[in-house]
Amino acid sequence: MVKIHFTFYKIKMETEKTKEPEILKDEALRTVSNLKFEDFESFSYHNINFLLILVTKEDISGPGNQEEIFLSASTATRGFDIYMLDTLSIEDKKRRIFHEIIEADLRKQGFGEGSHELALKTEVDIFGERK
Numbered sequence: 001m002v003k004i005h006f007t008f009y010k011i012k013m014e015t016e017k018t019k020e021p022e023i024l025k026d027e028a029l030r031t032v033s034n035l036k037f038e039d040f041e042s043f044s045y046h047n048i049n050f051l052l053i054l055v056t057k058e059d060i061s062g063p064g065n066q067e068e069i070f071l072s073a074s075t076a077t078r079g080f081d082i083y084m085l086d087t088l089s090i091e092d093k094k095r096r097i098f099h100e101i102i103e104a105d106l107r108k109q110g111f112g113e114g115s116h117e118l119a120l121k122t123e124v125d126i127f128g129e130r131k
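Numbering (the working numbering), first residue to last: 1 to 131.
It should be emphasised that the hints constitute simulated quantities derived from the structure, not laboratory data. No experiment lies behind these values; they were computed from the predicted model shown. A hint or two may mislead.
Derived lysine-lysine pairs resembling PhoX-like cross-links, with alpha carbons at most 20 Å apart [what the hints assert, rightly or not]:
#, residue 1, residue 2
1, K108, K25
2, K94, K57
3, K19, K94
Restraint ranges, calculated between C-beta atoms of paired labels, are given here [what the hints assert, rightly or not]:
#, residue 1, residue 2, range
4, N34, A76, 31 to 39 Å
5, T18, H116, 14 to 22 Å
6, E58, K19, 35 to 43 Å
7, I90, E20, 18 to 26 Å
8, T87, L120, 31 to 39 Å
Ideal Cβ positions, reconstructed from N, Cα and C, are used throughout, including at glycine.
Generate the whole structure from the sequences, applying the supplied hints.
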């Protein structure tokens, strides 16, 4: 009986360990570098499918819609749609998509709300502070 209790305790301790995020920076940079930034362009990162949808300022105008880029569960693929303002510079597009694909992957890994902050930290490490 003591052995069973000890085994249960050991299993519990192993499941409570802090999980480290797996961030594939080089793969994410390669993915972003290969994009043409065309409307309805599909691509993948770390086994997650994405569909890039370019939008105009008018498309996103309205209360609460001030984001230049945002991620949504896809309506066309098993993955995510990335809605991005079409007037962003190429460098901003690369930076923002890098952030979004890292964040989506971290959510898939189970980091929930902390995914945004981890993705932002990774983005700043690669591209520097946002202007």
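Checked hints:
{"no.": "1", "hint": "K108 to K25", "verdict": "16 Å, holds"}
{"no.": "2", "hint": "K94 to K57", "verdict": "19 Å, holds"}
{"no.": "3", "hint": "K19 to K94", "verdict": "28 Å, violated"}
{"no.": "4", "hint": "N34 to A76: 31 to 39 Å", "verdict": "20 Å, violated"}
{"no.": "5", "hint": "T18 to H116: 14 to 22 Å", "verdict": "19 Å, holds"}
{"no.": "6", "hint": "E58 to K19: 35 to 43 Å", "verdict": "42 Å, holds"}
{"no.": "7", "hint": "I90 to E20: 18 to 26 Å", "verdict": "32 Å, violated"}
{"no.": "8", "hint": "T87 to L120: 31 to 39 Å", "verdict": "22 Å, violated"}
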